[in-house]
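A.B. asks: All letters in the sequence shown, in the order written, are residues 1 to 261 by this note's numbering.
Just so you know, these hints were derived from the structure itself, not from any lab.
Treat the hints with care, as some may be off.
The calculated label-pair distances, taken between Cβ atoms and stated as ranges, are [what the hints assert, rightly or not]:
(1) Q139 / A80: 25 to 31 Å
(2) A159 / E38: 34 to 40 Å
(3) Y258 / K60: 49 to 55 Å
(4) A252 / E89: 38 to 44 Å
(5) A252 / G211: 26 to 32 Å
(6) S88 / E197: 36 to 42 Å
(7) T108 / L41: 42 to 48 Å
(8) Y258 / K136: 23 to 29 Å
(9) I141 / A252: 16 to 22 Å
(10) G1 / S102: 25 to 31 Å
(11) Y230 / S102: 28 to 34 Å
In silico PhoX-like cross-links for lysine-lysine, where the CA-CA straight-line distance does not exceed 25 Å [to be verified]:
(12) K60 / K18
(13) K207 / K81
(14) K160 / K191
(15) K207 / K160
(16) K12 / K28
(17) K60 / K97
(18) K81 / K60
(19) K16 / K35
(20) K18 / K35
(21) K60 / K28
(22) K12 / K60
(23) K35 / K12
(24) K60 / K16
(25) K35 / K97
(26) K60 / K82
(27) K160 / K215
(28) K160 / K136
(29) K192 / K207
Cβ coordinates follow ideal geometry from the N, Cα and C atoms, glycine included.
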Amino acid sequence: GLREVAIELRRKRLIKSKDLFILCAILKGGTKDIKAGEYSLNQSMSPVRIFNILSTGAIKTYTLTIPEGLTAQQIADLLAKKNLVNISEFIPLVMDKTLTASYHIDGTNLEGYLFPDTYVISRDTGARELIDLMIKRFQKIFTALIKDQESTTGRLLPAKDIVTLASIVEKEGGLAEEKPIIASVFLNRLKKRMRLESDPTVIYGLKNFDGNLKKKDLRTPSPYNTYLNYGLPPGPIANPGRESLMAVVHPAETDYLYFVA
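Please model the complete structure; the sequences and the hints are all you need to start from.
C.D. replies: So this is what it looks like as structure tokens:
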């Protein structure tokens, strides 16, 4: 209640008088309007200003930047370091088939659709809310790219294939201007029914990768091993950024079947 808030503010020496703060709140007519959350307050603020901040819900926000090419697990690790979101809920939600289906995504989980970008969140932002922000950002970017492709080329891969291939392009690295060429190599190999032979797909399928890809790893059976299997892996191997998605939607026109990593 209001009195408890006033006591806490006085304890932290943010106000000089509990009664004066309560009086300000009563005069402002909002004794029940104080909203829970983390706030950035200091001793130079007047009781009226503090009440205005608490009653308008102007909670403290944090900037969270998700780099391109992280897996869902790596995003969870980043969130753990930032201590901003309950990560015990994050991965189970990402792997939730029902939640995935609710976004009309063709797949069993949300890997690939957690769009890398900068987000402004608070400590009250839950894992579900953050995931929703990331998926909706992906949908906005992806829809614009697809509309652009439909209007220019008229030839579309299924959305899942675009995201899956974009995730491989992302993990193969390279400069932004190289990505359309990398995408064209993989698309050309797919057309000729050649294996993609992409190291990052193998790494994604390994249970315990120590950072050193060995020859035996290339022979290890996995749905994601594109040295053994033809076609694309079952789904994305990371969360690609706009440039990688764009590279698949607008690949370079080449006959290349190989590139130097």
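A.B. asks: Against the earlier hints, flag every one the structure doesn't satisfy and list their numbers going up.
C.D. replies: 8, 10, 17, 25, 27, 29
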